[in-house]
Amino acid sequence: MEPVRPEFVPDPSLSQAEMEALQREIAEAARFENDMEFSPAAIASVGDAPDDDQTTLSPSTDDQADAPLVAGVDQAFVDDKAVSAIVVLQNGEVIERVSAVKVTEIPYIPGLLSFREGGAILSAFAELDHEPDVVLVDGSGRIHFREAGLATHIGVTMDVPAVGVAKSLLCGTPEQSLEETYPDGVRIPIAADDSVETCPDGTGIGHAVQTRQYDSPNRYINPLIVSPGHRVSAATAADLVEATADGYKLPEPTRLADSYADEAKGSVE
DNA sequence: GCGACAG
DNA sequence: ATCTTGTCGC
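Under the UniProt record's numbering, think of the first position of the first sequence as 1, with each following residue one higher.
Simulated from the structure, these hints should not be mistaken for lab results. Glycine is no exception: its CB is placed at the ideal position from the N, C-alpha and C atoms. Watch out, some of these pointers could steer you wrong.
25 Å max Cα-Cα, derived DMTMM-like pairs, lysine to aspartate or glutamate [as the list claims (entries may be wrong)]: (1) 102 x 79; (2) 102 x 262; (3) 265 x 25; (4) 81 x 11; (5) 81 x 37; (6) 167 x 129; (7) 167 x 180; (8) 265 x 180; (9) 249 x 127; (10) 249 x 269; (11) 102 x 66; (12) 249 x 201; (13) 167 x 269; (14) 265 x 7.
Taking CB as the label site, the calculated pair distances span [to be verified]: (15) 15 x 184: 39 to 45 Å; (16) 266 x 181: 17 to 23 Å; (17) 235 x 65: 38 to 44 Å; (18) 16 x 216: 20 to 26 Å; (19) 195 x 80: 46 to 52 Å; (20) 168 x 20: 20 to 26 Å; (21) 179 x 9: 19 to 25 Å; (22) 247 x 15: 41 to 47 Å; (23) 159 x 263: 25 to 31 Å; (24) 201 x 266: 27 to 33 Å; (25) 65 x 199: 37 to 43 Å; (26) 214 x 16: 37 to 43 Å.
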């Protein structure tokens with residue numbers, strides 16, 4: 001799978017000002033509304049295993065063979081090399097895994113993550129045989145200073161529906177404090193504020209999503225920070241993460257890509 | 001100058 | 001992201 005918009009491929013040799021200018025172009029090309037090859041209504045079953053016990057009736061026109069392909073993307077690092085892994089699932093089962101290694105050209109700079117990790121990710125996409133219906137990327141999407149986080153950059157460049165799944169908030173203001181402990185299933189809207197320079201304050205740019213929480217005592221799990229990358233709305237992005245989460249904090253595609261990236265680290269010299 | 005910041 | 005032991009809880 002190759003970039004549909006080669007002009008947006010992240011170039012680590014650009015100046016910081018040029019990187020930021022490119023991000024503004026990417027944000028304009030990004031669509032933060034649903035435009036996928038499957039019905040958002042079908043996401044309810046995306047992460048579920050095949051319905052063996054027939055507790056529900058499935059339309060013959062929308063069976064397992066047509067089920068959407070959901071991919072997870074994650075990176076691991078070894079010295080100056082980035083290892084990117086992509087895992088593709090259908091009906092909750094892995095149908096493809098690929099990885100790629102690339103030397104990192106620049107350090108981690110908040111807001112410019114895609115220029116550090118994007119190259120390795122696109123190399124991994126080049127190895128991919130299946131075209132995912134939606135991709136879950138580790139990091140922010142629209143929740144970004146210029147609405148062009150890693151998930152947006154990858155989504156727009158490949159022109160594939162993408163969702164940003166981060167473990168902490170880069171910018172924006174949550175509707176309610178994220179310091180509280182919320183039960184699983186809770187979704188807290190995040191609005192643009194002064195730090196988001198490309199859209200009006202108050203614009204909904206994502207959600208904090210509690211995919212898991214401890215029942216009883218004094219320990220708690222932080223929510224995930226979910227935002228649209230490309231061709232997905234904020235609400236659908238959160239729906240997709242909830243639908244693919246399966247007992248763990250991270251959605252299954254992301255969790256599997258994470259461990260595969262770690263595993264692939266072993267074969268890096 | 002101070003604060004703040006995905007992975 | 002990565003470096004790492006123990007510890008709490010189901």
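The hints, checked one at a time:
Taking the CA atoms of residue 102 and residue 79, the gap is near 11 Å; set against the 25 Å cutoff, the hint holds. Pair hint residue 102 plus residue 262 holds up; C-alpha atoms about 15 Å apart against a cutoff of 25 Å. Between the alpha carbons of residue 265 and residue 25 the distance comes to roughly 34 Å, so the proposed pair goes past 25 Å and is violated. A hinted pair counts as satisfied when its Cα atoms are at most 25 Å apart, and residue 81 with residue 11 qualifies at roughly 16 Å.
For the hint linking residue 81 to residue 37, the alpha-carbon distance of about 34 Å lies beyond 25 Å, and the restraint is violated. Proposed proximity of residue 167 and residue 129 is contradicted: the alpha carbons are some 29 Å apart, above 25 Å. Using a Cα cut-off of 25 Å, the hinted pair residue 167 and residue 180 holds, with the two alpha carbons roughly 16 Å apart. For the proposed pair residue 265 and residue 180, the alpha carbon gap of about 36 Å is over 25 Å, so the pair is violated.
Distance check on the hinted pair: residue 249 and residue 127 sit about 28 Å apart at the alpha-carbon level, beyond 25 Å; violated. In summary, the hint linking residue 249 to residue 269 is not supported, as the alpha carbons are separated by about 32 Å, beyond the 25 Å threshold. Among the hinted pairs, residue 102 with residue 66 is inconsistent with the structure: their alpha-carbon atoms are about 34 Å apart, more than 25 Å. Taken as a hint, the residue 249 and residue 201 pair is broken in the structure, with Cα atoms around 30 Å apart against an allowance of 25 Å.
Using a Cα cut-off of 25 Å, the hinted pair residue 167 and residue 269 is violated, with the two alpha carbons roughly 29 Å apart. Among the hinted pairs, residue 265 with residue 7 is inconsistent with the structure: their alpha-carbon atoms are about 30 Å apart, more than 25 Å. Restraint check, residue 15 to residue 184: a C-beta distance of roughly 44 Å satisfies the suggested window 39 to 45 Å. The hint said 17 to 23 Å for the Cβ distance between residue 266 and residue 181, and at roughly 37 Å that hint is violated.
Checked against the given bound of 38 to 44 Å, the beta carbons of residue 235 and residue 65, roughly 28 Å apart, lie outside it. About 48 Å separates the C-beta atoms of residue 16 and residue 216, a value inconsistent with the hinted range of 20 to 26 Å. At roughly 30 Å, the beta carbons of residue 195 and residue 80 sit outside the given window of 46 to 52 Å. Between residue 168 and residue 20 the beta carbon distance is about 22 Å. The supplied range of 20 to 26 Å therefore holds.
Between residue 179 and residue 9 the CB atoms are about 39 Å apart, so this pair departs from the stated range of 19 to 25 Å. Under the hint 41 to 47 Å, the C-beta atoms of residue 247 and residue 15, about 45 Å apart, fit the expected range. About 29 Å separates the C-beta atoms of residue 159 and residue 263, a value consistent with the hinted range of 25 to 31 Å. For the pair residue 201 and residue 266, the beta carbons lie near 46 Å from each other, so the given range of 27 to 33 Å is not met.
Distance hint for residue 65 and residue 199: a CB-CB separation of about 40 Å, consistent with the stated range 37 to 43 Å. A C-beta distance of roughly 42 Å is found between residue 214 and residue 16, which places it inside the suggested range of 37 to 43 Å.
Figure legend: structure checked against the earlier numbered hints; hints not met, in rising order: 3, 5, 6, 8, 9, 10, 11, 12, 13, 14, 16, 17, 18, 19, 21 and 24.
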